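Between the sequences and the hints, there should be enough to build the whole structure, so can you do that?
Those sequence lines, one after another, are chains A and B. Heads up: the first sequence runs through residues 245 to 452, numbered per the working numbering. Heads up: the second sequence runs through residues 245 to 452, numbered per the working numbering.
Certain hints may be false.
To be verified - With a straight-line cut-off of 20 Å between C-alpha atoms, the simulated SDA-like cross-links for lysine to any residue are:
#: 1; chain 1: A; residue 1: LYS383; chain 2: B; residue 2: LYS344
#: 2; chain 1: A; residue 1: LYS383; chain 2: B; residue 2: GLU341
#: 3; chain 1: A; residue 1: LYS372; chain 2: B; residue 2: ILE370
#: 4; chain 1: B; residue 1: LYS368; chain 2: B; residue 2: ILE261
#: 5; chain 1: B; residue 1: LYS406; chain 2: A; residue 2: ASP314
Hints listed in this document are in silico derivations from the structure and should not be mistaken for laboratory results. All of these numbers come straight from a predicted model, not from anything done at the bench.
So the chains spell out like this:
There are 2 protein chains.
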Amino acid sequence: MFTYLPTMNHNLLLESISKHIQLEDNEQQHFLSYVQVKKVKKKEYLLMEGEVNHYAMFVNSGCLRSYTMDKNGFHYIQQFAPEGWWIGDMYSLITKEPGKLCIDALFDSELLLISRVNLDRVYKEIPKFNFYFRVLAEKSLVSFQTRAMENLSLHAKERYEKFCFRYPTLIDKISQKQVAAYIGVTPEFLSKMLHKDPKVNSDFFDVD
Amino acid sequence: MFTYLPTMNHNLLLESISKHIQLEDNEQQHFLSYVQVKKVKKKEYLLMEGEVNHYAMFVNSGCLRSYTMDKNGFHYIQQFAPEGWWIGDMYSLITKEPGKLCIDALFDSELLLISRVNLDRVYKEIPKFNFYFRVLAEKSLVSFQTRAMENLSLHAKERYEKFCFRYPTLIDKISQKQVAAYIGVTPEFLSKMLHKDPKVNSDFFDVD
DNA sequence: ATTTTTAGTTAATCTATGTTATTTTTTTTA
DNA sequence: TAAAAAAAATAACATAGATTAACTAAAAAT
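Have a look at this one:
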């Protein structure tokens with residue numbers, strides 16, 4: 245049977261898991277034997293459009309992003325994954341088909357990878373991981389349900405505010421261009437939006 | 245121990261479950277003892293904004309919809325749930341907090357309800373339901389991830405086409421008003437979009 | 001350190017979609 | 001089946017955000 249000694253690299257992940265399920269020592273070691281550490285440089289790709297995604301990725305440090313591209317080369321960012329977040333192309337992971345997402349690193353990052361194959365083993369051998377990933381999937385679902393509605397109903401300014409709220413640690417670390425691709429406007433429009441003087445309140449001069 | 249004889253009302257649900265997990269007869273009966281049948285009339289509410297959602301709902305026949313409202317009274321439809329679909333306010337179900345969704349019936353419908361409390365019992369007593377609902381949550385997640393991106397990147401015409409593809413059984417059953425609220429345009433604009441002649445190709449007359 | 005590349009700013013013009021209002025058609029209810 | 005209510009169609013006008021282009025500032029690469 246595989247075992248693996250937990251190292252500092254695993255702290256963040258084990259912490260996330262322990263919030264939802266309790267693992268015996270041997271279960272923890274067994275699980276970690278399926279996990280591999282990977283370091284990537286800024287701009288390095290973890291997944292390109294049309295590839296099958298073989299790994300669920302947990303971000304230990306740094307930040308990843310997943311995005312799609314349209315025929316004009318425009319980017320639309322589906323998700324940022326700063327420290328402590330999971331990321332992957334769920335469609336491709338589930339179906340084992342090539343996906344439409346690209347995933348790359350916004351900064352030098354350290355990741356923990358678990359392959360789809362090993363994840364299936366984990367589900368079989370330590371069934372309570374079904375509980376852990378069910379809860380995670382449900383939370384992520386709520387978040388994307390909310391964003392799908394926000395993207396229909398809110399103006400760019402309001403979507404910007406939601407972004408700031410959702411990723412408070414990123415606002416001053418990533419470029420406006422990335423934020424624009426997340427809220428779905430052109431960088432030119434975002435720039436204008438952030439610089440235009442708040443409209444002067446002209447009520448003071450209203451007559452009648 | 246609770247048991248319950250499966251009736252015709254449960255066929256569709258049991259079929260959905262058996263696609264993902266295999267239940268022993270006693271597990272099936274145990275599970276069904278937690279499920280109640282409910283019939284609702286067209287326009288009847290299952291959940292109103294600000295209420296806590298106590299039930300996950302499975303649609304046996306008819307169709308439900310979940311939606312949010314903005315301050316101007318505009319509706320934004322998060323999901324239709326025709327026959328064989330689950331629906332609920334996942335945020336409220338998870339957190340037990342009041343949610344922002346309304347859920348009501350577009351037609352007379354028959355539902356199977358399982359309360360949050362009983363669902364927690366099911367997870368504990370028949371752990372493989374964690375697998376079933378994990379897989380469902382993951383599929384639903386993919387669907388909402390995709391829609392969130394589509395709502396940013398596609399024009400109304402394309403969102404209309406995606407709607408037709410996603411709910412092929414609904415196109416000729418629900419009003420344009422509902423479709424407009426799903427794709428995020430005004431009913432006036434949708435009407436114009438569907439009636440405007442496809443632009444005549446004037447290239448033939450181009451000079452130089 | 002200098003060059004090259006990328007990101008951000010600004011502004012004029014354009015377009016997809018919203019707004020308001022009126023009329024017609026369809027559906028629901030009495 | 002008539003009356004009332006809701007949905008759909010149409011059209012004139014308004015606006016949020018896109019497009020294009022030129023310029024400046026900041027990073028990255030040599």
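Results of checking the hints against the structure:
| no. | hint | in the structure |
| --- | --- | --- |
| 1 | A:LYS383 with B:LYS344 | 16 Å, holds |
| 2 | A:LYS383 with B:GLU341 | 14 Å, holds |
| 3 | A:LYS372 with B:ILE370 | 12 Å, holds |
| 4 | B:LYS368 with B:ILE261 | 17 Å, holds |
| 5 | B:LYS406 with A:ASP314 | 16 Å, holds |
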